[in-house]
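Protein sequence lines, in the order shown, are assigned to chains A and B. Reading the first sequence from the start, the letters are residues 1 to 155 in this note's numbering. Reading the second sequence from the start, the letters are residues 1 to 155 in this note's numbering.
Treat the hints with care, as some may be off.
Identical copies go unnamed one by one, so any copy, or any two together, can satisfy a pair.
[As the list claims (entries may be wrong)] Okay, derived cross-link-like pairs now, DSBU-like style, lysine-lysine, Cα gap no bigger than 30 angstroms in a straight line:
id	residue 1	residue 2
1	Lys86	Lys130
2	Lys86	Lys152
3	Lys133	Lys152
Think of the hints as simulated: they come from the structure by calculation, not from any bench.
2 protein chains.
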Amino acid sequence: MTQLTFRDARPDDIATILRLCHAGDARGPDTPPLDPQTLDDPRYLAALDTIVADPNQRLIVAQRAGEIIGTLQISFIPGLVNFGLKRGMLENVHIRSDQRGTGHGAAMVQWAIERCREAGCTYIQLTSNKIRKDAHRFYARLGFSNSHEGFKLAL
Amino acid sequence: MTQLTFRDARPDDIATILRLCHAGDARGPDTPPLDPQTLDDPRYLAALDTIVADPNQRLIVAQRAGEIIGTLQISFIPGLVNFGLKRGMLENVHIRSDQRGTGHGAAMVQWAIERCREAGCTYIQLTSNKIRKDAHRFYARLGFSNSHEGFKLAL
Numbered sequence: 001m002t003q004l005t006f007r008d009a010r011p012d013d014i015a016t017i018l019r020l021c022h023a024g025d026a027r028g029p030d031t032p033p034l035d036p037q038t039l040d041d042p043r044y045l046a047a048l049d050t051i052v053a054d055p056n057q058r059l060i061v062a063q064r065a066g067e068i069i070g071t072l073q074i075s076f077i078p079g080l081v082n083f084g085l086k087r088g089m090l091e092n093v094h095i096r097s098d099q100r101g102t103g104h105g106a107a108m109v110q111w112a113i114e115r116c117r118e119a120g121c122t123y124i125q126l127t128s129n130k131i132r133k134d135a136h137r138f139y140a141r142l143g144f145s146n147s148h149e150g151f152k153l154a155l
Numbered sequence: 001m002t003q004l005t006f007r008d009a010r011p012d013d014i015a016t017i018l019r020l021c022h023a024g025d026a027r028g029p030d031t032p033p034l035d036p037q038t039l040d041d042p043r044y045l046a047a048l049d050t051i052v053a054d055p056n057q058r059l060i061v062a063q064r065a066g067e068i069i070g071t072l073q074i075s076f077i078p079g080l081v082n083f084g085l086k087r088g089m090l091e092n093v094h095i096r097s098d099q100r101g102t103g104h105g106a107a108m109v110q111w112a113i114e115r116c117r118e119a120g121c122t123y124i125q126l127t128s129n130k131i132r133k134d135a136h137r138f139y140a141r142l143g144f145s146n147s148h149e150g151f152k153l154a155l
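The task is simple: from the sequences and hints, build the whole structure.
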C-alpha cells in the first residue's frame with residue numbers, strides 16, 4: 001500500500017476539497033449539490049484564510065502518489081473541567097470513493113488521532129449521520145464508541 | 001419567572017462552574033468526581049485564560065438574582081463548505097439541579113442559539129450521552145434533531 005502524506009490545505013486545493021466533501025454518500029444536510037461554477041468564489045479563499053489563521057483549526061489533505069485522495073478537519077476545543085481538558089473534534093472526513101476499502105481512510109483518521117494526542121487532547125470526538133451505517137462500522141473498528149446522540153439545529 | 005442574565009466566566013466563577021459540571025447526572029466520562037481540594041489548582045486559571053483568549057470560545061455563566069445557576073460553553077467552528085459554513089457547538093451545558101423544570105435551562109440554550117445566529121453560524125450542534133434520555137427530550141423540545149451518532153475515543 002502506497003504511503004499517504006498529509007499536509008495543511010492550500011488555496012489551490014480548494015476545488016478538490018469541495019468535490020470530496022460534496023461527493024456521493026458523504027453528502028449531509030450541510031453539503032447540498034456543489035455548483036461547479038462557484039468553485040472560484042472568493043468566499044472559499046476567505047474561509048480557508050480564516051481556518052489557516054486559527055491555531056485551533058487544521059484543514060488537512062491526504063495525498064497518495066502526489067494526488068489528493070482525502071480530507072478532514074481537526075478542531076481543538078479548550079475546556080475547563082479536569083484541569084483544562086482539551087478535546088479534538090473531527091469534521092468533514094471524506095475519502096475519494098475509489099479509495100474506500102483500501103485502508104487509507106483508517107490511515108487518515110489514525111493520523112488525526114495522533115495529532116490530537118500530540119496536542120494534549122484527552123479525547124477525540126466526531127458525529128456521523130445516522131444513515132451512514134458503513135461509517136459507523138468504520139469508526140467502531142478504529143476504537144470509537146457511539147456513546148452519544150448527536151443533535152443538530154439549523155439556524 | 002426571574003429573568004436570567006448571562007456573561008462570560010471570570011476567575012472567581014471557576015469553583016462554581018466546576019461544581020455545576022461535576023454534579024449529579026450531568027457527570028460524563030470527562031467529569032469524574034471532583035476533588036474539592038483541587039478547586040484552586042492553578043491549571044484551572046490557566047485553562048480559563050486559554051478559553052477567554054480564544055475569540056471562538058465562550059464559557060458562559062447564567063445568573064438568576066445574582067446567583068450562578070447554570071453554565072455552558074459555545075465553540076465557533078469555521079469551515080470551508082457552503083462558502084465558509086460556520087457552526088456553533090455547545091459543550092458542558094449544566095444547570096443547578098434545583099433549577100430544573102423551571103424553563104431556565106431552555107432559556108440558557110435559547111440564549112446560546114441566538115449568539116450562534118449572531119455569529120453567522122449555519123447550524124448549532126451538541127452531543128448528549130445516550131443514557132441521558134431527559135436531556136434528549138429537552139433538546140428535541142428546543143427543535144434539535146438527533147440526526148447523528150456521537151462517537152468518542154479516549155486518548
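Hints and how they fare:
Proximity of lysine 86 and lysine 130 under a CA criterion of 30 angstroms is satisfied in both settings, with 26 angstroms inside one chain copy and 22 angstroms between copies. For the homomeric pair lysine 86 and lysine 152, the shortest alpha-carbon distances inside one copy (22 angstroms) and between copies (13 angstroms) are both at most 30 angstroms. In this homomeric assembly, lysine 133 and lysine 152 come within 30 angstroms of each other (Cα to Cα) both inside a single copy, at 18 angstroms, and across copies, at 16 angstroms.
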